[in-house]
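Read off the chains here:
There are 8 protein chains.
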Amino acid sequence: MGHSDFKYEELDTTRESRTGFPEVVFCEGKKDEYLVGIYKKLLEKDGKVFGTRASISQYEVVKKSIPEAEYDEVSRILKVVSADNHKKKDDGTFIAVCTGGTADIPVAEEAAQTAEYFGARVERIYDVGVSGIHRVLSKQSILQDACCVIAVAGMEGALASVIGGLVRNPVIAVPTSIGYGASFGGMSALLTMINSCANGITVVNIDNGYGAGYVATQIYRLASGNESA
Amino acid sequence: MGHSDFKYEELDTTRESRTGFPEVVFCEGKKDEYLVGIYKKLLEKDGKVFGTRASISQYEVVKKSIPEAEYDEVSRILKVVSADNHKKKDDGTFIAVCTGGTADIPVAEEAAQTAEYFGARVERIYDVGVSGIHRVLSKQSILQDACCVIAVAGMEGALASVIGGLVRNPVIAVPTSIGYGASFGGMSALLTMINSCANGITVVNIDNGYGAGYVATQIYRLASGNESA
Amino acid sequence: MGHSDFKYEELDTTRESRTGFPEVVFCEGKKDEYLVGIYKKLLEKDGKVFGTRASISQYEVVKKSIPEAEYDEVSRILKVVSADNHKKKDDGTFIAVCTGGTADIPVAEEAAQTAEYFGARVERIYDVGVSGIHRVLSKQSILQDACCVIAVAGMEGALASVIGGLVRNPVIAVPTSIGYGASFGGMSALLTMINSCANGITVVNIDNGYGAGYVATQIYRLASGNESA
Amino acid sequence: MGHSDFKYEELDTTRESRTGFPEVVFCEGKKDEYLVGIYKKLLEKDGKVFGTRASISQYEVVKKSIPEAEYDEVSRILKVVSADNHKKKDDGTFIAVCTGGTADIPVAEEAAQTAEYFGARVERIYDVGVSGIHRVLSKQSILQDACCVIAVAGMEGALASVIGGLVRNPVIAVPTSIGYGASFGGMSALLTMINSCANGITVVNIDNGYGAGYVATQIYRLASGNESA
Amino acid sequence: MGHSDFKYEELDTTRESRTGFPEVVFCEGKKDEYLVGIYKKLLEKDGKVFGTRASISQYEVVKKSIPEAEYDEVSRILKVVSADNHKKKDDGTFIAVCTGGTADIPVAEEAAQTAEYFGARVERIYDVGVSGIHRVLSKQSILQDACCVIAVAGMEGALASVIGGLVRNPVIAVPTSIGYGASFGGMSALLTMINSCANGITVVNIDNGYGAGYVATQIYRLASGNESA
Amino acid sequence: MGHSDFKYEELDTTRESRTGFPEVVFCEGKKDEYLVGIYKKLLEKDGKVFGTRASISQYEVVKKSIPEAEYDEVSRILKVVSADNHKKKDDGTFIAVCTGGTADIPVAEEAAQTAEYFGARVERIYDVGVSGIHRVLSKQSILQDACCVIAVAGMEGALASVIGGLVRNPVIAVPTSIGYGASFGGMSALLTMINSCANGITVVNIDNGYGAGYVATQIYRLASGNESA
Amino acid sequence: MGHSDFKYEELDTTRESRTGFPEVVFCEGKKDEYLVGIYKKLLEKDGKVFGTRASISQYEVVKKSIPEAEYDEVSRILKVVSADNHKKKDDGTFIAVCTGGTADIPVAEEAAQTAEYFGARVERIYDVGVSGIHRVLSKQSILQDACCVIAVAGMEGALASVIGGLVRNPVIAVPTSIGYGASFGGMSALLTMINSCANGITVVNIDNGYGAGYVATQIYRLASGNESA
Amino acid sequence: MGHSDFKYEELDTTRESRTGFPEVVFCEGKKDEYLVGIYKKLLEKDGKVFGTRASISQYEVVKKSIPEAEYDEVSRILKVVSADNHKKKDDGTFIAVCTGGTADIPVAEEAAQTAEYFGARVERIYDVGVSGIHRVLSKQSILQDACCVIAVAGMEGALASVIGGLVRNPVIAVPTSIGYGASFGGMSALLTMINSCANGITVVNIDNGYGAGYVATQIYRLASGNESA
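Residue numbers (numbering that gives the first Met the number 0), protein chains in the order written: chain A, 0 to 228; chain B, 0 to 228; chain C, 0 to 228; chain D, 0 to 228; chain E, 0 to 228; chain F, 0 to 228; chain G, 0 to 228; chain H, 0 to 228.
None of these hints come from the bench; they were simulated from the model. Beta carbons: idealized from backbone N, C-alpha and C, even for Gly. Some hints could be false.
Among the chain G residues that face chain E by a calculated CB cut under 10 Å, a handful are [claimed, not checked]:
1) Cys26
2) Gly28
3) Leu41
4) Leu42
5) Gly46
6) Ser56
7) Ser81
8) Ala82
9) Val129
10) Ile132
11) Gly178
12) Phe183
13) Thr191
14) Asn194
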């Protein structure tokens, strides 16, 4: 009855040499046995695995096969780290990750932990939405020292514009699906950010913390003069 | 050939007693002779006339019949004032009208001059967009003293949220059609404002300076304890 | 495993002095222990707490820690009142809250109870939709006496326009997500209200009863000459 | 060079027997010589011609070949009438055509003159928008006597809902492209009308006065017991 | 704790004399005890009740209080009929109700049974979608005899256009939410129908079988010369 | 209580002679007993049945009545094959079915198995998305030999454009609803494909693997010179 | 001052061998001298040139340099043919090109003349929209003999569905931007076609006659067993 | 008559120290005398001026007052350079600017010339759209050496995804408004890019070459270890 062995996926074996980043797993929607198989194959090949959008039940399944797997409920990241994940040089370069509200933190943590996994240093600056503008202003100094800022915000998404006007390095804006009514699952925040009147702002997809963390790591590597971190 | 006399419009003779505001003319798209007719009728009835979205050529036509007509190119308001337009009591109550950029000024002027025509006092605070956040913060004191604030902004429309977090009185947000690309003729700014995470913000239609000025006048009258100003 | 203590939220300690309103809790989606923590902290700081979009199960959890917590199933407001919530001066000023249909009542109650919590007096005028126009007309006198009117309506949202033509004070329009088919979760009603041909109408987000109640309270305070009620 | 004779259009010779209505010409965008050709062919076949969305310059061109052609600048209808267009029985049955504002009149006239051309009697009730609700209420008696009502409105399009609640016969709603900002060329009015909470309302395309006049004529014929009028 | 007695709804007591139709209940989302209350009140006032979008569990609840209540699973209509519902004169006038596919039948039945409840005679012509065009053509004769046709279709909604070209009486088009992908819950079908190149077509909201049945009854009454059937 | 026998569907008995394809069943949403009835009737008439979007529980129900029914969990196809389904001539003609990622495979399998059921030969080329462009380039030779290519992709849907530039035969693009954020359930992929700058690309509805397999079979039959395969 | 020599475009020299089709020019928006340069280069390389969306003034400019250039005002195609364009074998295979109305003919001619230029035989079947369904049915025989059908339609775009149900070969649907109101520049027709309930239909971009002609030629070549025609 | 002196704009005097970039002028829509005034003020303050979206007539007006003003017709940049604009260190760091087609070049030039004005080195790689995939692949080496890549594309916007899979540094995607039909003025390309399945891609507004050039310069400065270039 049907496809008993599901072998379609081909490993992209040259990705790390081409892009400087290993393959990563988007866990959401993947069936259990299939997911375990991918984690095993990548662990064997790379000595480490990184997955996003994992559920706690996926974690429990993977943990049975790979006991050293780690899971974070907030970011929903499911990873197996290698020894070299823990040794980072610190040359003072860092990424700042900000949120407008507390509801944006899961996406921010996906971004922050992605960057950390790829070897970058991260400072978290959460709950500094523009309706209490003094909160973000009180962090101006640390924002200006960051090699780039990830601005995570739902609702009206104005955080990116305010930060964009305060700093000299790139701001990566992440709209979140937080909100209701005419927020359209994050589309309103995305439009706000794309139309920002501030300079130095680029935008990734709604809730795409991973993508923001990835680009921020690319910039971090350039800034710290170490292309593979 | 067709409708030689176009007499369909009925004057809404009880409007002023019902609402506290006289009839107003939306000039855009009205044919010349028809527009002159309305101005004459209203001038006769009310002793004054107020019209919005007038072109300079409409002004020139109306001026021939009504030499005391006044026109402002920025706000596109075409009006005939009466003596009582000029005597305003000043009890310290005022409306603040802000813009994000200079391109938003025509809409802001429509709002400001509407409120002034209806008897309110107005303070203008222009070009204080959030990408240079110190500009709006330097005006915090005057914003807090206003009985209400009209926040006019295109592009990403974040100005209203920042002001909403600074003041205790209502903020009327006016999205403008200024922008390009994914600004959708002001719809992105409208969505930003509708989704604002700040409190005390309500929204009018894109470029609807008149509507904002009208509501602001209603609030001004309540605040100054004078329902018909 | 991950973030055992979730301490990101910073209390906005100057909000009440800046805006005249205390911090308020948006309950929906907040985890139980986290929600209880916020309620306790705000109760300690302010002597009262006000939260919207609470579920009955959230109420039950909060009640265990704070027995004096009160919950209303219709408005979904979960609050802890202080003694001063109950003493309101009555100078005749009031807010009228109207709905088009009975299905709009939960949003209307969120608005009404918000305003009452903040010290305003409210009159409810429900189920006066425009398809039976005599219903709203029979309430014309009370509508005209209100310092402002909150018009809550889904489907085609025409209620605001009709009321806007009857009164001299501001009308705050609240589109609701009531409807089906091409109602787009309230977006059609929002567009109707934003495009209203009546004057004096401003709009808040879909189902945002809280926001409407907040602005109405701001106007109420101005009208009754008592900025902090 | 190319298609010197453009003969693709086949006359739909059985249309009148099938549908009770002759072929009609949508003039907008048709080239002059081609348009004249169609008018001549239809005049020969039917002894009369009816065209919509004609420009004044198209009228001038057609008039050269068919001097009895008549044009109305408001409705933009260009027609050649036959003797039987003028003899209508009057059994008291009539169609009411209403508009919200004066700017909606061109579309209303397209509807009214279409119905008149096809043999129906029409009463015009213009400029009765809902922001001055007494205006439409003062016409309640004549609206209730009509066999159907055509409600033409732009902006927020609420007129149809109010009328729908007042009458026992069908209301045909025509959204118009009048408006600005978030009116989206009439789409907001269309959505308002489609979502109407009143019963007995059906909707035609934006600015489609012709379509409304056609359906109203169908109902008129049923009501007056004369299927081909 | 909150609103123990929920008495906001006012009965619209003059509706039947004004519109020729009694009040009707939209059951979806109404709480059980509240729904039973409405059914009882209307049964007492009118001797009959008609409700749409009822669930089977709502039927079971109502049946306990009103044993003569009847329910149809396909149309989801929950009604209590009176003796006069069953005596209809038959003068040969009838409404045709068509569907494109079998999945559109629930909406079609809501339309058909609504019209039947209000006293009209109905012929059903189901599963005659345009991708097998001979099916609808084989029904041409009965379609042409109907006083009006209700065309119910999802997906691309082309059925209305084909029927519109075949008949002389009005076609009421009902888009359904049947479909997937880019059907947008019926919006694509709605747009198809609104843009129909055939004449005599008007459109109601997505899945609004009740609305179509109501208008069809209005036309039926006019055609059979019996305004209250 | 209601429609005990649901006999509305008329079999389209001339379909196979008209179109070369038998009737097919869209299973999703069909009730169990109704579905079994259709399968039985078609099996009797055609000696085989093919259904799409079947759930595993529908399979279990049908299997009870028709034990030879076969189900594939990936494609969700539920079929009863006849002897002639298994004899295919092989003249070297084949269809290539490609996917951008592994999550697109269910839609691709619906396409592939549809074409196979109708007698075509299919080559599968999965997980060759454009972000690892060498993967699709390594398959260039087999793509160029196919009589047509089905390109299945979600997210940004760029696969079709790249393939369109590599081959001389038609490319049928199938957007999938895979994605999140601003992917709008596949609408973004659909727009990408419709706007492709490559030639030879046509598009079917989101997730419409069946439709793509059907058209590919039509082309396969033309290419192999066998109109009924 | 600026870019005096604009040499960015690289000729895609292997396109014809890769795809079986030469490079083609999209004329709209190209500056005169630049356009002439491209025509000259391609004429030199290929001995022929084919361009779409040319204006008459572009034709006049090109003609000065290349006197044998030919232009068709209806299709807006500007081409230079070579001798081999005129020798076509005729094995009875042909493409049928249909339109719903006469306003769709320019797009249909772009499709038809594209296919003819690439060596295919074309039959034109114009003005057979579904509101007069007998027109398309009277062409059923020729439609069934075509190797594929191009269905060009604006407004509600239902033509493709009806044809799809009549034929055994592929139908390529081309939505046109003809229409007004809620036709959204062709988007409504595109959605109709994408959602078609008929099988064998694929869709190209709005007004993309060229794209449809290209795919039809690909199918024509497969059907006539001559991959390069 | 009106606002004779238009002095609203306040110079943002601390911008360069805060952000590392001087104030820039968005010329489109600015009135002549106003524009000249800004250019003069900025020239005096900064010794150089940079403006985007200037028309040739604006250039001619500015040139009269500031003869050393330079204008580029392709990018529409109007600038006055200072001596230090011309001395750039070259440490091998550079930005790659790519386009899908030739029609995207004006936006690409706005990006490239912006980056050059701010001191970065730029390599141009134009007309390498994905429908001829060998074109972009032949540039793989130079793309991999760039510190970041700006990918400018309209229509389906797939260029960014392909490049994203080839390089290790950030890709800034710029959708352009090039296209027709369902390209929605660039919105389709924007959605493609936002949904890219490749990593390392961020997006700016439609046609926002300036914004892309600005961010690219920020990254260039970080990569070359020179924060103010």
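Tested hints:
1. Cys26: At about 30 Å, which exceeds the 10 Å cut-off, the nearest Cβ of chain E leaves the hint on Cys26 of chain G violated.
2. Gly28: At about 29 Å, which exceeds the 10 Å cut-off, the nearest Cβ of chain E leaves the hint on Gly28 of chain G violated.
3. Leu41: violated, 37 Å
4. Leu42: violated, 42 Å
5. Gly46: With Cβ-Cβ at 43 Å, over 10 Å, it is violated.
6. Ser56: Since the shortest Cβ distance to chain E is 33 Å, the answer is violated.
7. Ser81: violated, 41 Å
8. Ala82: violated, 43 Å
9. Val129: holds, 5 Å
10. Ile132: holds, 5 Å
11. Gly178: It holds, given that the least Cβ distance between Gly178 of chain G and chain E is near 6 Å, below 10 Å.
12. Phe183: Phe183 of chain G check passes; min Cβ-Cβ to chain E is 8 Å, inside 10 Å.
13. Thr191: holds, 4 Å
14. Asn194: Holds. Min distance 4 Å.
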